[in-house]
Structure formats: structure tokens, C-alpha cells
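Peer 1: These protein sequence lines are chains F and V, in that order. Using numbering that gives the first Met the number 0, the letters of the first sequence correspond one by one to residues 0 to 489. Using numbering that gives the first Met the number 0, the letters of the second sequence correspond one by one to residues 0 to 492.
What the hints contain is simulated information worked out from the structure, not anything from laboratory work. Some hints here could point you the wrong way.
As the list claims (entries may be wrong) - If you only want the chain F side, here are some residues facing chain V, beta carbon under 8 Å, derived:
| id | residue |
| --- | --- |
| 1 | F161 |
| 2 | I391 |
| 3 | P392 |
| 4 | P393 |
| 5 | V408 |
| 6 | M412 |
| 7 | L415 |
| 8 | A416 |
| 9 | F418 |
| 10 | L431 |
| 11 | F439 |
| 12 | P442 |
| 13 | S445 |
| 14 | S446 |
| 15 | V448 |
| 16 | G473 |
Here a beta-carbon is modelled for each residue, glycine too, at the ideal position from N, C-alpha and C.
Below are the chains, spelled out letter by letter.
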Amino acid sequence: MAEQSFNLMLLLPEILLLVGICVLLISDAGNARRRFGGTLRALLVLALALLALIPQSSTTTETAFGGMVIVDSLSRLLKLLAVIAVGATLVLSSRYCDDREVARGEFQSLALLSLLGQFVMISANHLLVVYLGLELMSLSLYALAALRRDSGQSSEAAIKYFVLGALASGFLLYGMSMIYGGAGTLAIDEIAGRLVSGEVDNWVFALGLVFIVAGLAFKFGAVPFHMWIPDVYQGTPTAMTLLIAGAPKLAAFAIAFRLLAEGMLGAWADWQPMLLVLAVASLVVGNVVAIAQQNLKRMLAYSTISQVGFVLLGMLSGVVDGDAAGAADAWGSSLFYIVTYVFTTVGTFGVIMLLSRAGFEAETLDDLRGLNQRSPWIALVMLLLMFSLAGIPPMVGFYAKFIIIGSVVSAGMTWLAVFAVMLSLVAAFYYLRVVKLMYFDAPADSSPVAPPTSAALVLAVNGAMVLLLGLLPGPLIGACLDAVRQALGS
Amino acid sequence: MNAIPVLSAAIWVPIAFGAFLLAFGNDRNAATVRVIALVGAILGFLVTIPLFTGFERGTAEMQFVEQLPWIELLGASYLLGVDGLSVWFVLLTAFITIIVVVAGWEVIESRVHQYMAAFLILSGLMIGVFSALDGLLFYVFFEATLIPMYIIIGVWGGPNRVYAAFKFFLYTLLGSLLTLVSLVYLYLMSGSFSIIEWHMLPLSMKEQTLIFVAFLVAFAVKVPMWPVHTWLPDAHVEAPTGGSVVLAAIMLKLGAYGFLRFSLPIAPDASQELAGFMITLSLIAVVYIGLVALVQTDMKKLVAYSSIAHMGFVTLGFFIFNQMGVQGAIVQMISHGFVSGAMFLCIGVLYDRLHSRNIADYGGVANTMPKFAALFMLFAMANAGLPATSGFVGEFFVILGAVQFNFWVAALAATTLIFGAAYSLWMYKRVIFGEVANDHVAGLGDLSRREFGMLVVMAVMVLIMGLYPKPVTDMTDASVDALLRHVAASKVR
Numbered sequence: 000m001a002e003q004s005f006n007l008m009l010l011l012p013e014i015l016l017l018v019g020i021c022v023l024l025i026s027d028a029g030n031a032r033r034r035f036g037g038t039l040r041a042l043l044v045l046a047l048a049l050l051a052l053i054p055q056s057s058t059t060t061e062t063a064f065g066g067m068v069i070v071d072s073l074s075r076l077l078k079l080l081a082v083i084a085v086g087a088t089l090v091l092s093s094r095y096c097d098d099r100e101v102a103r104g105e106f107q108s109l110a111l112l113s114l115l116g117q118f119v120m121i122s123a124n125h126l127l128v129v130y131l132g133l134e135l136m137s138l139s140l141y142a143l144a145a146l147r148r149d150s151g152q153s154s155e156a157a158i159k160y161f162v163l164g165a166l167a168s169g170f171l172l173y174g175m176s177m178i179y180g181g182a183g184t185l186a187i188d189e190i191a192g193r194l195v196s197g198e199v200d201n202w203v204f205a206l207g208l209v210f211i212v213a214g215l216a217f218k219f220g221a222v223p224f225h226m227w228i229p230d231v232y233q234g235t236p237t238a239m240t241l242l243i244a245g246a247p248k249l250a251a252f253a254i255a256f257r258l259l260a261e262g263m264l265g266a267w268a269d270w271q272p273m274l275l276v277l278a279v280a281s282l283v284v285g286n287v288v289a290i291a292q293q294n295l296k297r298m299l300a301y302s303t304i305s306q307v308g309f310v311l312l313g314m315l316s317g318v319v320d321g322d323a324a325g326a327a328d329a330w331g332s333s334l335f336y337i338v339t340y341v342f343t344t345v346g347t348f349g350v351i352m353l354l355s356r357a358g359f360e361a362e363t364l365d366d367l368r369g370l371n372q373r374s375p376w377i378a379l380v381m382l383l384l385m386f387s388l389a390g391i392p393p394m395v396g397f398y399a400k401f402i403i404i405g406s407v408v409s410a411g412m413t414w415l416a417v418f419a420v421m422l423s424l425v426a427a428f429y430y431l432r433v434v435k436l437m438y439f440d441a442p443a444d445s446s447p448v449a450p451p452t453s454a455a456l457v458l459a460v461n462g463a464m465v466l467l468l469g470l471l472p473g474p475l476i477g478a479c480l481d482a483v484r485q486a487l488g489s
Numbered sequence: 000m001n002a003i004p005v006l007s008a009a010i011w012v013p014i015a016f017g018a019f020l021l022a023f024g025n026d027r028n029a030a031t032v033r034v035i036a037l038v039g040a041i042l043g044f045l046v047t048i049p050l051f052t053g054f055e056r057g058t059a060e061m062q063f064v065e066q067l068p069w070i071e072l073l074g075a076s077y078l079l080g081v082d083g084l085s086v087w088f089v090l091l092t093a094f095i096t097i098i099v100v101v102a103g104w105e106v107i108e109s110r111v112h113q114y115m116a117a118f119l120i121l122s123g124l125m126i127g128v129f130s131a132l133d134g135l136l137f138y139v140f141f142e143a144t145l146i147p148m149y150i151i152i153g154v155w156g157g158p159n160r161v162y163a164a165f166k167f168f169l170y171t172l173l174g175s176l177l178t179l180v181s182l183v184y185l186y187l188m189s190g191s192f193s194i195i196e197w198h199m200l201p202l203s204m205k206e207q208t209l210i211f212v213a214f215l216v217a218f219a220v221k222v223p224m225w226p227v228h229t230w231l232p233d234a235h236v237e238a239p240t241g242g243s244v245v246l247a248a249i250m251l252k253l254g255a256y257g258f259l260r261f262s263l264p265i266a267p268d269a270s271q272e273l274a275g276f277m278i279t280l281s282l283i284a285v286v287y288i289g290l291v292a293l294v295q296t297d298m299k300k301l302v303a304y305s306s307i308a309h310m311g312f313v314t315l316g317f318f319i320f321n322q323m324g325v326q327g328a329i330v331q332m333i334s335h336g337f338v339s340g341a342m343f344l345c346i347g348v349l350y351d352r353l354h355s356r357n358i359a360d361y362g363g364v365a366n367t368m369p370k371f372a373a374l375f376m377l378f379a380m381a382n383a384g385l386p387a388t389s390g391f392v393g394e395f396f397v398i399l400g401a402v403q404f405n406f407w408v409a410a411l412a413a414t415t416l417i418f419g420a421a422y423s424l425w426m427y428k429r430v431i432f433g434e435v436a437n438d439h440v441a442g443l444g445d446l447s448r449r450e451f452g453m454l455v456v457m458a459v460m461v462l463i464m465g466l467y468p469k470p471v472t473d474m475t476d477a478s479v480d481a482l483l484r485h486v487a488a489s490k491v492r
């Protein structure tokens, strides 16, 4: 461990991002109404961060700040994807926000701040840094959720999000304090070392682990810690929903990975059963409740919960009878799942935003009626996204489910795999219903949909990727597996 | 190895045309769309011709093999090839696609480009199913066929189309999801997705049984076998004519083909063990569903039930494990592709004119549509298994095979000749003969040149296969023989 060096250069993406945010804020000072530069300014900042990320090595692991921050292949991959997800969100939401008179400067700088928080989480190698990043991200997101303060619904959702999110953070912090008590250190790699050498107080440590897992489950939205998800998804304006539902899931994966796989793989016997319960409950509740929803965003919220169940299945299938040889592949498959999930979600909520107009939110399922006649292209993209979420080949979502199933079966839990696929049959129903509304029904509202060119382009690329990655999923699966393997040092 | 990737061309030519139509078609250029779709379908058929002319008879080896790396990480490759078991289905699919495009020519008026694109893409995907030799690739094609069919039934279907489309999709998905788990299991056991390697993989009896059951659920739903057949009458009745034709002529064969490619060779011991069970299910389909068909009042439903009964014959042929049975089953599948396809086309012809499928709404059609009545007669006879039509050959082979196996099985199976004749000809009589039933029938016009052309082509195929089935059996012989020898040899670990 290079204790002596700060290695500031490793943090160049974060630094550029922060400087960019400051410039954005300053340039807006005193003229909040001015729409100078539009979305382009924020994209420029993102491009800078991207440029700084690309040269980072994808084969070596380096640390900065005396080992508190880690930069490895996993962090590089996740940050790249997070930048793309946030960038796509900004483009898709630009007109939506203008129509609703959301102050653009505030929206963009808060979105970028939450991205900065995600960067910190992704690179955290120390429990305190994990918490720091988490709070930076969460506070920005709370503020984003409350940005439309004249809307009662939105404020209600923001309050719910804040209270429950704070509770989750509290859980996590409490768990961390117990881990500190049990292991005597906050550095993640040292925790792993002490677990191996048996220098931990098992009882305190296990209790801390319970809180950590509960906190993570809150952030992911796994049952029974899921109640905030439907309310927040439904209540916040769609652009903000997307910022909450998209990239933060990547960061949540990162901290779950750093904490459970890197730090506490030795305590697998404690966390594996917990994840199992969470996964099974999420699959059941998410899929079954989604069927009853009439509100599109609420339905997608429950679908998220069920997708989280799949992610957890991947995570827990890495250790078989104490043998952690499969851990890298299992977490790799979870990573692939979450990446495909995030990008499908960006597209789905993107479609919802494009269908909304000033003073009209396309929220209920009925708003999708006859979309194929109003705008065949958007309907086609949505069709691809829905079948991807349902896990029907040749969409990329199929491979995501496929490698999770593979991982679960190879862990010897064939019945769990059968259970999971049977629930994806249930899931197919409500995704099919969306396709049915778009294609089989006559439109209730015949006004054509005219999305701005930039947003249409992003959406088209998104849809094409869902299909192309479905035809040739090899490279992305490979990148995910390699990143996790290298991060786990195996 | 072949210089020209025939199978890839057969898969991707129609898909490319379909994608092109999807991208550039709209309701204003419908006339051009139709022409392009026809060109795509014909081109898609022409590229499959080398499969017939260049097929080496007398060997069970895979031919026209193509292999490209696909997902190396998972050991899956883009591996295509055909043998005697599959080659005919590739040809059949490409052929039927032309008919379907022609059948939808004037009938479909709204969103023509999407309709044509869905069928062309579906055609490519189904050829993919028949020619994939990689388990994952097979599954991708197998599942992907659901999407265009779901759209076809739901958008251009009848009044109850939404229910039928959902039932079709979810029923079939239920079966294939279990298959997915067993594919994953086979991959983990063998380290590869190659179906040929899976054939050689030794498995314990318990593993074989579970794998067999998982495959059975998928393929039985698709065939469909009694008692998981209930989606088919709904789907057939609600689907537009083209959809019914593709469903009956090809999609049902995907399931039956699955038995030949997966269940029998991968789990031969379990297949032997459970043959009695399978034969029982098949006989129930033949006898019971035959009786159900008899009482239908809706023509499409009647043909749908008769399809189930005929497919019962196919599965019966598979599980009596002799040359005659399997050979006959394959002939029956191809013949059924033509006959049931033609039956649905005929019903479509009537439906386009009167917008009714009720037998009771017709009567005396022979007086107003003589050409139609003659052709319809031929197909109804073929459906009943009259000698000299293709329907006879397959059924006769299977019955011969069944006699070798067990006399009583054969006797029960042979009742199909009675029931088949009863429901086909009785329906024919009520629709075609008698006095002109009402003013609507009196006003019927005979076949247009387009309709006449497509029905005559089908009729020629039915007769050729009935009079001279040797080209078919020549190509399937060696593969059936090899399959049976493989199934007879135990591979219990």
C-alpha cells in the first residue's frame, strides 16, 4: 500500500468534474433565468471527465490518499458508464425540464454533483469514503427530487425520499461503526485481511453486517426495504426519477461490491442467506405487485424491485460451501445485469419524457395507447426496451438473465434458478401489456410526437444498443467479468 | 465447409428485407412495400435451393456447416448446419413465406410494411431455429420468434386478438424458460453449447429424466400436445390468415423438431423410459382431439383442432422408435405444412369475402365459386389422408410403424383416418354443397388470379408429395437411421 503518496492525478476525473460544477454555478450566479449554452455546458463537463477517465489503466490497481481511494478496472468501467448514463439523461430531459420551468443551472449542477458522489462511492476503499460519497450523491438527489417545489406531489415524494434515504444512511453508518468495533479498522482491504486471520470479534461484526446489508438493500430497493421506490418514482418529475433510478444503481453496486465481496468475502456465511431472503422476496413482490399497477412509472418501480432481485441472485451465487472461486464470475454477472438494467431504464424513462408535454405528464399506462400509430419509431424503441426488460432474446436483457441463471445453476441452486425463471414469466405479462397498449390499441390522443432531434438520437442509439448488444453481447460481458476479476485479484 | 454460406443467407436475407421495410415503409408507399416484400420472400427462397440440389444423400453428417465465433466467453458459437432431419423444414419455411406474402397482398390494408416485415423477420428466425447447431443460438432464435408472432396476432387479428396474443406468448414462454435452465445445466456439464457434443454427453438417468421433462414442457406446448394445446385454437382463430398459415405450417414444427434434435438424442434413455407416457399423450391427441374437431362450428377452430390431432400422429411416430414411425412423422410434418397451410388459406379466402368463419353462415358455395370448391376439395381430402395426397403418406408410414410396435396402438392411431375424414368432409359438405344458403353466398365471386395461383401451387405440392415422396425420404433416410441407432444405445453415466 502506497501510504506516502496522494496520487492526485488518479483523481483527475473527479477534480475536473468538481471544477466544472463550480464554473457552472458561478456562470449562473445572478442570472438563473438565462439559458446560456443549454445542455451543452453540462455535456462539456462530462466530456472532460470522460477524457480524463479514458487514459486510466484498465489492468492495474492503484490507490490514492493513503489507500482510501482505489482506482482499478472496475472503477474505470463503472465511472465511464455512469458518465454516459447521466449524459444521456441530461440530453433526454432537456426539453422536459424547460417545459416545466425547472431552473436549468440548478438541475445540471445537482445532477453533476450526484455524479461526483457516485464517482467517490465507486472508488471508495475505506468505509468513511463510502459514506462520504453516498451522502454527496444522496443529498444532491434529495434536492433534485424537491426541485419542483410548487408541485405538491413532487414535494411529498422528496420528503419521503429524504426521510427514508436518511434512515438508510443511518443504518449503513451504524453498521460501519460496528464493523469498526469488530474489526478495528475502517480500511476495506484491512477488514478483509483481519477476517482471514481471524482477528475480528465475530459477534459484533455480524451485527454490523446486518445493518450494512439492510442499508445496501435500502439503497437498491430490495424487499422489504423497497417501499420508497414506488412513491418516489411516481412522485418525482420524470427527469429526476431517471437520475435517481439510473446511474446511482451503478454506484450502489460498487459499494455493495467493495463492502461484501472485497471487504467481507470471509463473512460470506453471514451475508449469503440475507441476500437470498432479500432476492427471493424482491422477485416475488416486485413481479406480482407490478401486475396491478396502472401508473407506468409505478409499474416500472416495481419492475426495478424485481430486477434488483436478479442482481442479488448473482451476488449471492458466488460462494459455494465456503469456496469463493466463483465469486468473480458471479459478481461479474451481477455487474453485467445492472449495466444492462441501467441503460434500459434510461431509455424507458426517456420515452416517458418525450411523450410528456408542457402541462401534461405521460404517466399512466393508457398514455401509451396506440403509440405505434402516433410515432412508430418511439414505439419500436419502447418495444425493444420492454422485451429486453422481460428478458426475451435477441435483446441484451436476455443475456443478463441468462448469465445470472448460469451463475445460480453452477452454484448448485438449480431450484432457485427455476423459481427465478418462473417469476420472469409473471414479469413478461406486464411488459407485454405495455407492448399491447402501444401496438394493439387505438390511440386516445392522436397528436403526433415530435421529440427534439438530440433526444431522438439518444433514444435511437439506446434502442439500437439494446438490440446490437443482444446480438453480440460478448464484449460487454467480457468487460464486466474482467473488471470484477481484476478487482478481486483473481 | 461450403464457399457460400447458404444457411446464413437463408436466415439473413428475409430479416434484412424485413428490417428495410420497417425502416423505410409507411402507409403511403404500401404498393411498393408489397413488391419489395415479395422480392425478399422469393430471394429468401431462391437462396435455399442449393440446400436441395447440393444436399448429399445417404449420410447423417451435418451439411452446409458454418461456424463463426460468437460469445466465446460462454462457449457459444454461431454454428449452423442441416441434416436430413432439418433440411426440409428450412425449404418449407422459405416456401411458405412466399405464400404468406401473397396471401396478405390485398387483404392487409393498414400498416402493410409492419405486417410484411414481421413475416419476413419471422421467416428468418424460424430458419435459424431449424439450422442452429448451438444450443444458445437455437434458444435465441426459438424465443425471438415469439415477438413477431405476438405482434401479428395482436395487431392484425380478430376481435379477441389481445387475449389470444397473450395466451400464445405466455404459454410458449412458460415452456421455453424451463428449457433455458436445462440448456444452462447441459452447458455446465459439457463446457460447450454445441448440440452435437450434448448428444455424446453421458448423463445419469435422473439427469436425463429431468432434462427430458424440461424439454418436454417447451416442445409439448409448441407442438402442441394434449393437454397443453389450449392456446392453439385461440391463436389460430384470432390470427390473420397469414399468421394462421405460419403457425400451422411451421411454428408447430419447431416443437416437433425440438424432440428430434434435443429430447431424443440428448436423453435417449429417458426417452425410452417415458415412451409409453408420450405414446399415451399422442393417442389422446389423435382420438380425443379428433372428436373435438368434429363438433366445431368455426372453420378455423376445426382446422386448428385437426392440426393438433395430426401433430399427435407426429409425436406418436417419434416415440415408437422405428424407421417407419420417425420417417413417417417427418413426412407427416412436411405434408401438414402444406395441407393445413392450404386449409387456412381457403378459409381466409372465404373470410375475406363474408367476414365470417362460421360453418353455418355458408352452404352451396360450389354454385358460386366452382374453382375454389375444386381446390378446397383436394385439401380437405388431403387433410383426411386420402391416398395420392401427401396426407396419406405420412399417416400410412406411422401406422405401419405402429403395427410393428404394438397392434392396439396402431389400431387406435388408425381411427384418425375415420375422424379425419369425418370432420374434414363433413365441414366441406356443409360449406360447399347444398342449396345456396343465403344472399351473401349468392353474391360470392370466385377466386381472383392471385388466390388461384397460390392455391394451385399448394395443390401441386400436396399432389407431388402424395404421389412421389421419395425425394423427401431419400434425404431424411440416413439421418433417421443414425438417430434411431443413437437412441437405442444407452448413454447412462
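Peer 1: Under the constraints set out in the numbered hints, which ones does this structure not fulfil?
Peer 2: 1, 6, 7, 9, 12, 13, 14 and 15
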